[in-house]
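**Student:** Now that you have both chains on their own, put them together as the hints suggest.
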Amino acid sequence: MKVLKLVIPMLLTLAIGQSCSPERKSASYYHENKREISELKNEYDALYRQQAFSAGFTDKTFKYYVMQIITDTLRAIYNSEKRKDELWQNVLRFHYDTVALKRMAAMMKKIKCLWVGKTDRYFGEKREVFSYISFQSADKAFRENKYYVLILPDHKIDYPEMQEQIRKGKLVQIDSLVYFTTTNRYR
Amino acid sequence: MKCKELIPYCSMLFVLLTNKVTCYSQTILSELNPAQQRALELLDRSDTISVSPLWPHIKPVYFFSNIRSNILYPGKINQGHNTNFCSYAALTHLLIKYEPDNYTRMILSLYYTGKTTLYSKKILTPSKRVRQAAGLLSDNGELNILHANQLWFLAMADNFKGYLNLFDHKYSIGDENTFWAATNYSKFNKMVREFGGYHVHAIGSDLIRPSRSKGNLYKYMVNMLDTGLVMIYINNKLMYPHKFTLFNLPAPTHFVVLYELHKINDMIEIKYWDYGLKTEQLITMKRLKKTIYGVSSITKR
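From first to last, the protein sequence lines are chains A and B. Residue numbers in the first sequence follow my numbering, run continuously in steps of one, and reach 187 at the last position. Residue numbers in the second sequence follow my numbering, run continuously in steps of one, and reach 1301 at the last position.
Chain B on its own, in the form it takes in the complex (with noise of 0.2 Å):
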């Protein structure tokens, strides 16, 4: 068969394979929701090639694709090793699953401009010195690569201050892992309101664990997520519970999602999210109790 003649073949080959895709990608699309689908409109109408000169290190290919993962799998957002990015990690992690077109739309304002306008009109503008950080973050495990997730978690720590980071108040290279990005109870709140204008229910505070008896804590919780989203403050030592220490130290240490709690027999089941995945495990009423030092519910906006 000569070249001419397989043109027409060639031509037929070319439209099933390239309406196979479209109807893939369609069908992709419409498993979306629409919120999805304008953060992914908003992200194809972007340059994603330019290199911002606000943020000299973050590379376009690296920070777009993971935009467009973060807005896919938002239950994959990972704050990496070693670094105090839970609290930014579990706030991203609601603001994506629920507003996707929101969260596109700040950090890209952030990349192109260096500010951005948060729903409660605070206007976020991260210091020269994150700016020259962001895309340079190493030992890090993924987040080394997710340039995006560096460039966000980044300028929240940077605008977002409590009492954890009075000393420690201006960034340097390793700060991801010291107080400078630390996050005490109200600044957590503080944040959930100001990004999303969320009504936040908070019970807890970063010394005293709520002050409820266990049966009523478990109630207590099951109550707010049947009425909304639930975030929490534990320690996360105690869930985990072993016996090779002599001492742990009653301080709440990490944010979470909390998904779901049941009651199994004398043991409560619970489920909840954190380092990109949900966790799901069996603890006892008692350590439930002492584990939690806060409870966040975002009811209504």
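Only chain A is shown next, with the shape it has when bound in the complex (with noise of 0.2 Å):
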């Protein structure tokens, strides 16, 4: 009996614990769109080649969108909140294919992605580039906020410094190309 009210209160802190786990969450949230977020991966890819940029929304309700189009020297932001005609003529000055662009949004809104970017990473004098997408905030009121990162190479990175962010915890594998992280910034 004695073992029992040890054992029970032990297992129940460790199911409540895996049900929170942001691994599991993530885990189970790219298996449930695993198809959505390659389709994704490659539309954006795709428009990337074009002219890079990175977009996402701004609201928890999915209507307002941000698109970061980067040239050689400058960024440039625009919202479709405050800058909407702005950023419609900035997509076709840059030739972005319009209704690949409209696909993207819905694919990004129907997963509840909040934003799709590129970022690299220097192994030793080694550049990769890696495109991510970030989703859900797990934001609690007085913590600091915090977001989850799919990251997606688009090739095996095999690097030393790469498995000890895996050993340490930093990075988790989810799949063959895709990992996963947690950020205290979604874009």
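No lab work stands behind these hints: they were computed from the structure. Check each hint, because a few of them may be wrong.
[Unchecked claim] Each computed SDA-like pair below joins lysine to any residue, with the alpha-carbon atoms no more than 20 Å apart:
{"id": "1", "chain 1": "A", "residue 1": "K118", "chain 2": "B", "residue 2": "K1076"}
{"id": "2", "chain 1": "B", "residue 1": "K1271", "chain 2": "A", "residue 2": "R127"}
{"id": "3", "chain 1": "B", "residue 1": "K1076", "chain 2": "A", "residue 2": "R127"}
{"id": "4", "chain 1": "A", "residue 1": "K146", "chain 2": "B", "residue 2": "K1271"}
{"id": "5", "chain 1": "A", "residue 1": "K112", "chain 2": "B", "residue 2": "K1243"}
{"id": "6", "chain 1": "A", "residue 1": "K168", "chain 2": "B", "residue 2": "I1173"}
{"id": "7", "chain 1": "B", "residue 1": "K1263", "chain 2": "B", "residue 2": "T1279"}
{"id": "8", "chain 1": "A", "residue 1": "K60", "chain 2": "B", "residue 2": "F1244"}
{"id": "9", "chain 1": "A", "residue 1": "K84", "chain 2": "B", "residue 2": "M1267"}
{"id": "10", "chain 1": "A", "residue 1": "K118", "chain 2": "A", "residue 2": "N184"}
{"id": "11", "chain 1": "A", "residue 1": "K84", "chain 2": "B", "residue 2": "H1242"}
{"id": "12", "chain 1": "B", "residue 1": "K1286", "chain 2": "A", "residue 2": "K112"}
{"id": "13", "chain 1": "B", "residue 1": "K1219", "chain 2": "B", "residue 2": "L1229"}
{"id": "14", "chain 1": "A", "residue 1": "K82", "chain 2": "B", "residue 2": "T1279"}
{"id": "15", "chain 1": "B", "residue 1": "K1271", "chain 2": "B", "residue 2": "P1241"}
{"id": "16", "chain 1": "B", "residue 1": "K1263", "chain 2": "B", "residue 2": "G1215"}
Just so you know, these numbers come straight off a predicted model, no measurement behind them.
**Tutor:** Right, here's the structure in full:
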């Protein structure tokens, strides 16, 4: 009986811990939306090749969006809430495929993706560029902002630094080319 | 055709090609301002092969190519990822843009002798800890391979101290992202004065925003832009408004160089430099007022 008194609270604690675990949440999010995430990445990569950019939403209802177009010297930020006409003028100016762009936005809204962008990392002298998507704020009052991020490299990354991060638990591999992390910024 | 017969043609081709290259180099050189040309001449006279015993982990090949690229493209200076080097980067961006020769003199002196004299006569002498660490920074994005920037930013952070650095005075690996590298507003203005000997007019503080009404702050900044260079001390998170967080700490977090400010209907179009690019965006007057904690203007030396 004494053992049961000890074991039951322990099991309960473990179960609660597991259900709230960000790793599990990100993995289930990825597996539930695997096809959409893959399509979103392909769509984004194709549009990015036209002109570098990142994009996402600024509100929880996914009504307003932001597009950050990056040229060699300029980072121009267009918000559909404040600057919708100018945003579309620039979409046309840079010859983006507007149908693909709308498809990408619809996909993001469907899977509640907050932001899609690219980031880079140096492994020694080698630069690797990754696409990433962020989703669902784990924001709690009086706690630092936390966002879940899926990192989607184009090819297998096998640098010791990366393995070290996985070993430390800073990065979690949830599929062959999908990693998960948390950050305090969604973009 | 025999080899001997080919020689005159090869010589002609060589002359044509080398002339073309020389002409091209001259065109590039003629597009540079005199200060940039002087900076490149200083660099060309330097020993770019030997490793400095004072900076054992700085690779000359990365160091000198980084300086050259800074001289040619001052807008591309970048503090890297995960660092608190934004204040040093903003100041360096302006320093290289307007005084590339002085910047080159100072960084070469640091590299060869381990110290340099600033415009204010203050002598910058980076500690051994910093000299050992420069060239080894990792997990900082492009900064990993920009060895001149590593040396420069570490030397600046090591020699200028404010109240934010009180409890983290000595450098340890990884401190580029801690309070050791942080910059408070008065330290920033002091650095601007000491590096370039500029006269700095500053409004604002680390805790309380400038006491001007929204319209007045906008007019003040436009006036300052008309008369000189302007750097602003901002809460960076407020520059990217979104509704995913409940609370944003009302405190300044970032230094940027202001380039343009225009009124478009009831909105403000702001253009500023940070992270190696100019950013252009539209914000409301209210947000502008809420975001800005300090405005430092350089009007004269």
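**Student:** Would you mind marking each hint as holding or not holding in the structure?
**Tutor:** Going down the list of hints, with the structure as the test:
1. A:K118 x B:K1076: holds (19 Å)
2. B:K1271 x A:R127: violated (29 Å)
3. B:K1076 x A:R127: At roughly 17 Å apart (the allowed maximum being 20 Å), R127 (chain A) and K1076 (chain B) satisfy the hint.
4. A:K146 x B:K1271: violated (29 Å)
5. A:K112 x B:K1243: holds (14 Å)
6. A:K168 x B:I1173: Satisfied, since the Cα-Cα distance of roughly 18 Å is no more than 20 Å.
7. B:K1263 x B:T1279: holds (16 Å)
8. A:K60 x B:F1244: holds (7 Å)
9. A:K84 x B:M1267: Holds, at roughly 13 Å.
10. A:K118 x A:N184: holds (17 Å)
11. A:K84 x B:H1242: The given pair, whose Cα atoms are some 16 Å apart, holds under the 20 Å limit.
12. B:K1286 x A:K112: violated (30 Å)
13. B:K1219 x B:L1229: holds (15 Å)
14. A:K82 x B:T1279: Holds, because 16 Å separates the two Cα atoms, which is no more than 20 Å.
15. B:K1271 x B:P1241: OK: K1271 (chain B) and P1241 (chain B) at ~16 Å, within 20 Å.
16. B:K1263 x B:G1215: holds (11 Å)
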